[in-house]
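Protein chains in written order, with my numbering: chain A, 1 to 245; chain B, 1 to 245; chain C, 1 to 245; chain D, 1 to 245; chain E, 1 to 245; chain F, 1 to 245.
Hints are computed from structural coordinates only; laboratory data are not their basis.
Quick caveat, the model's predicted, so the values are computed rather than measured.
One or more hints might be untrue.
For identical chains, the list gives no copy identity; a pair is met inside one copy or between any two copies.
Derived PhoX-like pairs (lysine-lysine); straight-line CA-CA distance at most 25 angstroms [to be verified]: (1) Lys69 to Lys44; (2) Lys91 to Lys44; (3) Lys234 to Lys44; (4) Lys91 to Lys214; (5) Lys91 to Lys69; (6) Lys183 to Lys42; (7) Lys234 to Lys41; (8) Lys234 to Lys177; (9) Lys42 to Lys91.
Protein chains: 6
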Amino acid sequence: MNEAAILAAREDRKKVAQFDLIRSIEKVMLGPERKSHLLNKKEKEITAYHEAGHALVSSVLPYADPVHKISIISRGRAAGYTLKLPLEDTKMQSKNEFLDDIAVSLGGYVAEKEIFGDVTTGPSNDLQVLSALARDMVTRYGMSDVIGTIAMEGDGGRAMFGRGVVDREYSEAMSAKIDGEVKRIIDEAYAKALAIITDQRKVLDAIAVRLIEKETIEREDFELLLIANGITPKAKKDIEHQPVV
Amino acid sequence: MNEAAILAAREDRKKVAQFDLIRSIEKVMLGPERKSHLLNKKEKEITAYHEAGHALVSSVLPYADPVHKISIISRGRAAGYTLKLPLEDTKMQSKNEFLDDIAVSLGGYVAEKEIFGDVTTGPSNDLQVLSALARDMVTRYGMSDVIGTIAMEGDGGRAMFGRGVVDREYSEAMSAKIDGEVKRIIDEAYAKALAIITDQRKVLDAIAVRLIEKETIEREDFELLLIANGITPKAKKDIEHQPVV
Amino acid sequence: MNEAAILAAREDRKKVAQFDLIRSIEKVMLGPERKSHLLNKKEKEITAYHEAGHALVSSVLPYADPVHKISIISRGRAAGYTLKLPLEDTKMQSKNEFLDDIAVSLGGYVAEKEIFGDVTTGPSNDLQVLSALARDMVTRYGMSDVIGTIAMEGDGGRAMFGRGVVDREYSEAMSAKIDGEVKRIIDEAYAKALAIITDQRKVLDAIAVRLIEKETIEREDFELLLIANGITPKAKKDIEHQPVV
Amino acid sequence: MNEAAILAAREDRKKVAQFDLIRSIEKVMLGPERKSHLLNKKEKEITAYHEAGHALVSSVLPYADPVHKISIISRGRAAGYTLKLPLEDTKMQSKNEFLDDIAVSLGGYVAEKEIFGDVTTGPSNDLQVLSALARDMVTRYGMSDVIGTIAMEGDGGRAMFGRGVVDREYSEAMSAKIDGEVKRIIDEAYAKALAIITDQRKVLDAIAVRLIEKETIEREDFELLLIANGITPKAKKDIEHQPVV
Amino acid sequence: MNEAAILAAREDRKKVAQFDLIRSIEKVMLGPERKSHLLNKKEKEITAYHEAGHALVSSVLPYADPVHKISIISRGRAAGYTLKLPLEDTKMQSKNEFLDDIAVSLGGYVAEKEIFGDVTTGPSNDLQVLSALARDMVTRYGMSDVIGTIAMEGDGGRAMFGRGVVDREYSEAMSAKIDGEVKRIIDEAYAKALAIITDQRKVLDAIAVRLIEKETIEREDFELLLIANGITPKAKKDIEHQPVV
Amino acid sequence: MNEAAILAAREDRKKVAQFDLIRSIEKVMLGPERKSHLLNKKEKEITAYHEAGHALVSSVLPYADPVHKISIISRGRAAGYTLKLPLEDTKMQSKNEFLDDIAVSLGGYVAEKEIFGDVTTGPSNDLQVLSALARDMVTRYGMSDVIGTIAMEGDGGRAMFGRGVVDREYSEAMSAKIDGEVKRIIDEAYAKALAIITDQRKVLDAIAVRLIEKETIEREDFELLLIANGITPKAKKDIEHQPVV
């Protein structure tokens, strides 16, 4: 909120409006815009389809957060980004939400692969985040029936004081089962993302084309685009009425 | 007791009553109340059923401690809590008590899953505690017949001076057996908790509904609610007559 | 001996008698008596049977040391204790002595389980000590025919300078064999302890009942109790004639 | 660019020409020329065929970068080198590009083995780089269908603060699958490089012979040589128009 | 030699005689005599047979060093000792010498077991030394045909700078083979020691009886005892003519 | 070269002749001569055959360096040594050269075993060096077809900053394959060395006998000895014309 207040002050506006808030989230999470760093034509296309993949899957899956903005203007290390915000402030996340989040994260990778028949290093951060999430589901939250309600790791994790090492407590046999469950969860989410992107190829193209044209799509535009393609946008909630941090 | 005395002093009462004692336990263990941090409606329902699950299983199992208070007012990181106190001050705990404790810990998870068909990150701390307990039963207390009366780890644990590492002494084969026993213990406790929650669904609903209404249920009310549903409360003992720490 | 001299001085006696010596051993090994920390009735019973188990097995097995005192007065972290002293000062211990020592250590656990059908956290220290002993038999003293006369670990153990780690030199296959032998040794000692406690249930009850009544049994009383039950006490030797440390 | 500017200044030229730019890249990446350190005749031949192998494979494979210069003048630790530059500045790399890069890296090894029936320590750095690349494809970029879209390692890698160790999180079973995929990727790239070097043996000889004669081949000469042997050079782009770093 | 000179000086003798030399070796290696620390009768017998076992096996096996002195006077941590000295100063040791050395080291353990049907903690240092020796034969000296002429470990061993750890380079499969070979070597040496002690039981008894009587046997006496029992002592060489360190 | 210049200066000669150069290499690599430390007769024989083994295998195998000097005068920790110098200064080594180097290193061990039917600790340094070399062939240089062109370890090796540890990246399955290949390479080199030593036993004896007589054999003498036994010495090149370091 601080960051948002500074931005509003600079531009001499009294109210920290939704506009400022979103801009401040973008800046804190992704770094300032890098207009000078232009993507070449091929990269722009790849990035557009990648972000369209995230946005489309997020719009279709019931437990995923609605999309507030999509952009292919580079920020920090990211070539583009899709900003999603939850409908309500929540303390807890559920298994169904995690499963849809993983599918949304895979949306970029799946779109690249389906459209270009090749994948780039672009999704590497997506994979890192979704893999950690899938592993946590299995080892911390009891969300795999095969493993059951066992927590494998304490809050302190595996590293102690940043220098020692705590050997994992469980056996190789258990470790292999965990790997199997993590893979199953990701593979099922992949199938879900793939089905959406294949079924709604027309919408994916529409989002990507719009992004290549305009570089950024705001929520209203995006929802019109969804409606035009027969997808009902998620219930809208005024972001100004709920603190995000 | 110190904390209790301070609270009593603040409110100008002479005697450190049971009321103060319980409030001080809550404050030391969970942190101060956070009335400003309101749960949304869905979270309130989930939390109510989660705590009702703990409370119901604790009330039915013979070796579990009786419930003194249930609350869905957030404290620290916990969305809600169920306060149990032993009938007598004890130095030792038994295998039967551990087994029931694990089932009680699973009560929250099981209730969430049965009622909502989904589970949240809420039980993560429960799982961590019950997993450590089940592992200690197997590796420190000789409470698994398959493993037998072998202690796998010394008091110093695996980390030495906070920086070195002591490789576990036992083989991968033994480690797999330990994992199997830990899982068996937890799965059996799960089945016990599930049976109670399924059989006494009506009582679970009653506790949850009351919690959503009132946010907090004290011992007397809780016991009346149990009796109304055909469950005999555990023998009551005046908490003022036995020091808790 | 120093400690014994201080105790004798305090009570104005000239000679460091056996009485002082035993009291000093108790104090150094277990900490001062904690009369204020009373066990509840149930715990008193469990502790009495636990100590009776140690004392009975120790009295029956030929290579175990004779019992000098049994007590259920809490000392330090121990709820009770059984004081055994060797008949002669020795530098070496033999395989037969180790095997009987392990059975004696299991006597407490076995008694708890047989009498109450449940086991407590009480024997945790016993298990830790006997497990380390059984492992040393196998990995340091060549006392397992399956493993043979190989020493697996040097004097420096696994930790080097308290901070590094020396990975065990032997294979997983050898480690599994070691675990198997450690388990076999402990399981056989368990069977030995169980047979004694089952066969001599009457004596066990007699010792436990006397302990609950008197809290402490000195050597003479204990030997009379054994004789009354048809067990010949071990050859008595005057403890004052041999230095213990 | 700095380095290039210094070189241009020294030779009193106003414009940082392509010539300077390439020389600066060579100097920064490989160290200064070492004219005094002459290779013996045999080594010169081996090095010529090794570099010819890289250059030929790079020229044939569609996703590899075009060759700008080949040299067998020793620089730093390298006996020779092949300078490749991408046609366009890019932020992302794709799976197809990685696969061709690995084949290009193997070109030197394959050429040595095919021509001399023996291999030297020369390719050791090539193998190190291509092995790390193949492993990253499998464990960071989701570029193996067998492993799927799982990231095995975070950005922080396995070493923490240069002194601790983070044990890999995955099982031995997963590790064996990863090794299998890494090997498969490298073996397939090997087959691709081998096919090119066998099929285009005449071109390989021509490049090597020219290198032994002249020690260095610049881009124009190299492309004429390719054309003379029926290979179409990749689309040329003026290097001065795109910043390299 | 320094230590020997000091001893000679103290006793006012001009020449550092063999007598002083042996006494100095004893003192440096074992610590000063501890006449005050008397073994009890049983321990004296065990120690006498233990040392007789070492001395007998050493006298029979062709590659073992001849015995110079046997004693059951405690020195440092050792209850007794057998002093052997090589016939010649050597820089190298051979496989046959190592094999006999291991059998000699086992002589004490075997004697204890054969005579008393029990084994003590006494041989623990013997086992440690012979196990390290057998492992070195396999992993450093190429003395196992199964493993072959591979050295598994460098001079720096497994620990680096006393604080890091160097993970063993070889596989679990190789580690199991190494363990198998180490065990085979020790088991074969055991059989050799056992055969000697069984076959020459009369000599063993004679040595042990003499030791119990006199506490120490010097070389001349020992050789007479061997001759009397039909064993030819090893060629005698005057120890004063060859420096030992 | 520095060291050689000093030696020449001491002896007042102007030119750093081949004689000085070789002496300086000996001194830097092996330490000064230790005339005082005499080997006993048996050790002299073993050492003579050991060095003769290295020299013979080196003279027969095509990719091994020619022998410049053989000596059984102790230097530093080595009982004797065989000085080989490459015919030409080279930057690269090939697989064929490594394979012959390993066989040459085994020549000493094989000779000891064949002649004396026993092996000593003497070859321990040879084994260490050849094992590291064979492992590098497999894990760094792509010289095993079974493993292929994968580099298993970076330049930094397994230890980081001399204190941390980098866990090997590859699986146990891969580790077992690597061990298998390392063993195969060494076993094949062993067979090669054994065949030479068996076939050329007469030459081996001749070299050893000469060494025992003279303690040192210079290149010219050695080559005459080879010729006399029907072996053609490698092409001679004047060592003064090529810098060695």
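How the hints compare with the structure:
1. In this assembly of identical chains, Lys69 and Lys44 lie within 25 angstroms of each other by CA distance solely inside one copy; the values are 17 angstroms within and 30 angstroms between copies.
2. Only between protomers do Lys91 and Lys44 lie at most 25 angstroms apart by alpha-carbon distance; the minimum there is 11 angstroms, versus 37 angstroms within a single protomer.
3. In this assembly of identical chains, the alpha carbons of Lys234 and Lys44 lie at most 25 angstroms apart only when taken from different copies (23 angstroms versus 28 angstroms within one copy).
4. With identical chains, the CA atoms of Lys91 and Lys214 are at most 25 angstroms apart between copies only, with a shortest distance of 21 angstroms across copies and 36 angstroms within one.
5. For the identical chains of this complex, Lys91 and Lys69 are neighbours both inside a copy (23 angstroms) and across copies (23 angstroms), given an alpha-carbon limit of 25 angstroms.
6. Neither within a single protomer nor between protomers do Lys183 and Lys42 lie at most 25 angstroms apart by alpha-carbon distance, with minima of 31 angstroms and 31 angstroms respectively.
7. In this assembly of identical chains, the alpha carbons of Lys234 and Lys41 lie at most 25 angstroms apart only when taken from different copies (19 angstroms versus 32 angstroms within one copy).
8. Neither within a single protomer nor between protomers do Lys234 and Lys177 lie at most 25 angstroms apart by alpha-carbon distance, with minima of 37 angstroms and 41 angstroms respectively.
9. Within a single copy, Lys42 and Lys91 get their C-alpha atoms only as close as 41 angstroms, which misses the 25 angstroms cut-off; across copies the closest is 11 angstroms, which meets it.
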